[in-house]
Amino acid sequence: MKLLITNAQVIDPFGGYEGAATILIEDGTIKSVAKNGKIKNHAGARVIDAAGMYVAPAFTDMHTHLREPGFEHKETIRTGTLAALKGGFATVCCMPNTNPVNDNPGTTEYILKKAAGEGSARVLPIGAITKGQRGEELAEMEMMLKAGCIAFSDDGRPVESPIIMRRALEYAKGLGTTIISHAEDLQLSSGGVMNEGLLSMTLGLKGSPSIAEEVMVFRDIALCGLTGGKLHIAHVSTKGSVDIIRRAKEQGIHVTAETCPHYFSITEEAVTGYNTNAKVNPPLRRPEDVEAIKDGLRDGVIDVIATDHAPHGKEEKTREFDAAPSGISGLETVLPLGLALVQGKTLSMMELIRKLTVNPAGILGIEAGGISEGREAHICIFHPEKEYEFRAGEMFSKGKNSPFDGWKLKGKTAWTILGEKVHEWA
Amino acid sequence: MLKSRHLLGIKDLQAEEIMLVLESASSFKDVLKRDIKKVPALRGRTVVNLFFEPSTRTRTSFELAAKRLSTDVVNFSAPSSSILKGETMLDTALTVEALGADIIIIRHASSGVPHMLSSHLKASVINAGDGTNEHPTQALLDAFTINEKKGGIKGLKVAIVGDILHSRVAKSNIYCLKKLGADVRLIGPATLLPGEFSALGTEIFCDMDEGLRDVDVVMMLRLQLERQGKGFFPSTMEYFSRWGLSKKRLELAKKDVIVMHPGPMNRGIEIASDVADGGNSVILEQVTNGLAVRMSVMFHLDERAGK
Numbered sequence: 016m017k018l019l020i021t022n023a024q025v026i027d028p029f030g031g032y033e034g035a036a037t038i039l040i041e042d043g044t045i046k047s048v049a050k051n052g053k054i055k056n057h058a059g060a061r062v063i064d065a066a067g068m069y070v071a072p073a074f075t076d077m078h079t080h081l082r083e084p085g086f087e088h089k090e091t092i093r094t095g096t097l098a099a100l101k102g103g104f105a106t107v108c109c110m111p112n113t114n115p116v117n118d119n120p121g122t123t124e125y126i127l128k129k130a131a132g133e134g135s136a137r138v139l140p141i142g143a144i145t146k147g148q149r150g151e152e153l154a155e156m157e158m159m160l161k162a163g164c165i166a167f168s169d170d171g172r173p174v175e176s177p178i179i180m181r182r183a184l185e186y187a188k189g190l191g192t193t194i195i196s197h198a199e200d201l202q203l204s205s206g207g208v209m210n211e212g213l214l215s216m217t218l219g220l221k222g223s224p225s226i227a228e229e230v231m232v233f234r235d236i237a238l239c240g241l242t243g244g245k246l247h248i249a250h251v252s253t254k255g256s257v258d259i260i261r262r263a264k265e266q267g268i269h270v271t272a273e274t275c276p277h278y279f280s281i282t283e284e285a286v287t288g289y290n291t292n293a294k295v296n297p298p299l300r301r302p303e304d305v306e307a308i309k310d311g312l313r314d315g316v317i318d319v320i321a322t323d324h325a326p327h328g329k330e331e332k333t334r335e336f337d338a339a340p341s342g343i344s345g346l347e348t349v350l351p352l353g354l355a356l357v358q359g360k361t362l363s364m365m366e367l368i369r370k371l372t373v374n375p376a377g378i379l380g381i382e383a384g385g386i387s388e389g390r391e392a393h394i395c396i397f398h399p400e401k402e403y404e405f406r407a408g409e410m411f412s413k414g415k416n417s418p419f420d421g422w423k424l425k426g427k428t429a430w431t432i433l434g435e436k437v438h439e440w441a
Numbered sequence: 006m007l008k009s010r011h012l013l014g015i016k017d018l019q020a021e022e023i024m025l026v027l028e029s030a031s032s033f034k035d036v037l038k039r040d041i042k043k044v045p046a047l048r049g050r051t052v053v054n055l056f057f058e059p060s061t062r063t064r065t066s067f068e069l070a071a072k073r074l075s076t077d078v079v080n081f082s083a084p085s086s087s088i089l090k091g092e093t094m095l096d097t098a099l100t101v102e103a104l105g106a107d108i109i110i111i112r113h114a115s116s117g118v119p120h121m122l123s124s125h126l127k128a129s130v131i132n133a134g135d136g137t138n139e140h141p142t143q144a145l146l147d148a149f150t151i152n153e154k155k156g157g158i159k160g161l162k163v164a165i166v167g168d169i170l171h172s173r174v175a176k177s178n179i180y181c182l183k184k185l186g187a188d189v190r191l192i193g194p195a196t197l198l199p200g201e202f203s204a205l206g207t208e209i210f211c212d213m214d215e216g217l218r219d220v221d222v223v224m225m226l227r228l229q230l231e232r233q234g235k236g237f238f239p240s241t242m243e244y245f246s247r248w249g250l251s252k253k254r255l256e257l258a259k260k261d262v263i264v265m266h267p268g269p270m271n272r273g274i275e276i277a278s279d280v281a282d283g284g285n286s287v288i289l290e291q292v293t294n295g296l297a298v299r300m301s302v303m304f305h306l307d308e309r310a311g312k
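Read top to bottom, the protein sequences are chains A and B.
Each residue of the first sequence is one higher than the one before, counting from 16 in our numbering.
Each residue of the second sequence is one higher than the one before, counting from 6 in our numbering.
Rather than coming from a laboratory, the hints here were simulated on the basis of the structure.
Source: prediction; values computed, not measured.
Some hints could be false.
The list that follows gives simulated cross-link-like pairs (lysine-lysine, PhoX-like), each with its CA atoms no further than 25 Å apart [to be verified]:
#	chain 1	residue 1	chain 2	residue 2
1	A	Lys161	A	Lys188
2	A	Lys329	B	Lys184
3	A	Lys46	A	Lys436
4	A	Lys332	B	Lys127
5	B	Lys34	B	Lys184
6	A	Lys264	A	Lys254
Not the full set, but computed from the structure, chain B residues with beta-carbon under 8 Å of chain A [as the list claims (entries may be wrong)]:
#	residue
7	Thr93
8	Met94
9	Leu95
10	His113
11	Ser115
12	Gly117
13	Asp135
14	Thr137
15	Asn138
16	Glu139
17	Arg173
18	Lys176
19	Glu201
20	Ala204
Using N, Cα and C, we set each Cβ at its ideal position, and we do this for glycine too.
Input sequences plus hints: build the corresponding full structure.
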């Protein structure tokens, strides 16, 4: 089967190309990319007219909670990967805080088997650093790598013990793999349910201070410097964390970092009215943190935009604020929220796409490529300008928990192409 | 008339609304002095005390206030965490409403629960204390008491002393007294009184002797004893020596100072017995006034609901 994408405005950070092209795909493989518009052998091809749209490599999310096995009422591999495709992603890296925890090769294999059967996007599991994510003993990283894991994290929980974190970094270094840090000092965050400050006090909610994140970012970077391991800081949310990571990078420490759309799009104000859909960990912060996150994205301190897609059931989010689980269902809103950074001149279009494609793939060392001849087609085609009212209830994800419900968003995926599979979105 | 059919917090009220409640409370207080302490104002209405957190004092006060208005009142106690039981708090509240409740009085250990439930309910909701957020009827009865004793609130120096951070009583009182023009100062250990409170227009003191100077009103807060051993303060003995209200310390305030406490008191920990029982104390009058103020709140919410 042939597919011809015409009038494409290609934006490909893998090849560093931004400009017009016509793309021919045959049986799921990119046959030719004609920058002069002249293309051969396209007779009989199905045509996608991409006039007014961007054509980019499909995205990689290095921080997704697919919830399976164990929490299928929140999300399944089937619904989560469909949400990913809708969001423009070809690849999602799923976190291990499932039940059972993905801390052994058997669970990794189960996830991959499920994904092969029911998944519509590529699923790459992230294994647990420690058995049961209890922070006590290292999990079988080598065997999990063989089974298909691509990095390790106890996400959802920090590795509290500094000696275990040190050993994890050392051990992972020997295996050439990355440790992803959920940076939170649990004693300082001390059960906080939103950012600590005047607002948490006036709402009567227990606050988690920025420093609870920052001391752990600092500790893990120090351990990374000591061990020479590869460290990635998940979901950076504070100005202080950005500053610490910036200094570490200047010193040549091998650390990378991600943030999530909610940390550069909204502030703690979203919690007002006890909106549990704005309850997330780390919590939404203050305007000055949002500005610092944007600065970090602009000057490259923050390498990656990841979703931390954390779907939950409706009944769980209608609990009292203290008891509602943390998390935002984020796969389907990352594109418009990211495009707002381009409109606001924080990032160029090329830089935005780089943080959604080349950078996460590079950090994890996973196979991903741009729009070039001979590669399997992983392509996202999107309208940069299309405006619409976002309705969380219409997401493909089972988790409708989004603080952006009812927002006027700008930018929408039109097509996601994954090999021979071509998805057109309404 | 009140602007909302719910009373969720003082934060959302305007000074005129507060004054309206206080004025009617004064009439209801007269009723409470009569031989027959009951008016038919809300006859036929149903009031439910929906308490997710144990309480005797507040619940009894609401119950009696509702009875004095001739309503039918029932108490409904529910477990505090929706995780521990099968039913969600929303289902519990909807069940109570389906029983025909016109006014639902809610207390919950988590902040925001009355707010969340009110958006799903047709009945009027009164917040009887939510987490560390607000306890609006306590602030109203405190304002009523001060107003009655001092003949006005504007310009008075009021000190609130103790665990401000975890106190819903303190928060509602700060909002209420500021709206009515009082000069509010907060006194307590820095661990229980973060500097951010100054953003609410209050003055902050760690030194109680300094803070008490020339005040017209001292409002003591209950020290939650479970805070001990969590690093907020070293011992109750040290706490009393620094922030306890002793007779000697009270002399720093104005001569006609009134001493208040929302109860229940920890004698010898935040307040000395001779102060609690002394001539400046209005603690028991607060309890009596609570009835009149809660009657007034229910009366005005009923009026607002347009029944």
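Okay, the hints, checked on the actual structure:
1. A C-alpha spacing of about 16 Å is found between Lys161 (chain A) and Lys188 (chain A), which places the hinted pair at or below 25 Å, so the restraint holds.
2. Our distance criterion of 25 Å between C-alpha atoms is broken by Lys329 (chain A) and Lys184 (chain B), whose separation comes to about 38 Å.
3. At roughly 16 Å between alpha-carbon atoms, Lys46 (chain A) and Lys436 (chain A) fall within 25 Å of each other, so this suggested pair holds.
4. Taking the CA atoms of Lys332 (chain A) and Lys127 (chain B), the gap is near 21 Å; set against the 25 Å cutoff, the hint holds.
5. With a C-alpha separation of about 23 Å, the suggested pairing of Lys34 (chain B) with Lys184 (chain B) holds against the 25 Å cut-off.
6. Under the criterion of a C-alpha separation no larger than 25 Å, the hint pairing Lys264 (chain A) with Lys254 (chain A) is consistent with the structure, at around 15 Å.
7. The interface hint given for Thr93 (chain B) holds, since its Cβ lies 6 Å from the closest Cβ of chain A, which is under the 8 Å cut-off.
8. About 6 Å separates the beta-carbon of Met94 (chain B) from the nearest beta-carbon of chain A, less than 8 Å, and the hint is met.
9. A cut of 8 Å between beta carbons decides the hint on Leu95 (chain B): the least distance to chain A is about 6 Å, and the hint holds.
10. With a least beta-carbon distance of about 7 Å to chain A, the hint placing His113 (chain B) at the interface is held under the 8 Å criterion.
11. Given the 8 Å rule on beta carbons, the hint for Ser115 (chain B) holds: about 4 Å separates it from the nearest Cβ of chain A.
12. Hint status for Gly117 (chain B) relative to chain A: holds, with the closest Cβ pair at about 3 Å, below 8 Å.
13. Interface restraint check: Asp135 (chain B) against chain A, minimum CB-CB distance 7 Å, threshold 8 Å, status holds.
14. This hint holds: Thr137 (chain B) has a C-beta 4 Å from the nearest C-beta of chain A, less than the 8 Å allowed.
15. At its closest, the beta carbon of Asn138 (chain B) sits 3 Å from a beta carbon of chain A; the interface hint therefore holds under the 8 Å criterion.
16. Checking Glu139 (chain B) against chain A by beta carbon gives a least distance of about 7 Å; that is within 8 Å, so the hint holds.
17. Taking 8 Å as the C-beta contact cut-off toward chain A, the hint placing Arg173 (chain B) at the interface holds, the least distance being around 6 Å.
18. The criterion of a C-beta within 8 Å of any C-beta in chain A is met by Lys176 (chain B), whose closest approach is roughly 7 Å, and the hint holds.
19. Interface restraint check: Glu201 (chain B) against chain A, minimum CB-CB distance 4 Å, threshold 8 Å, status holds.
20. Nearest Cβ of chain A to the Cβ of Ala204 (chain B): about 5 Å, under the 8 Å cut. The hint holds.
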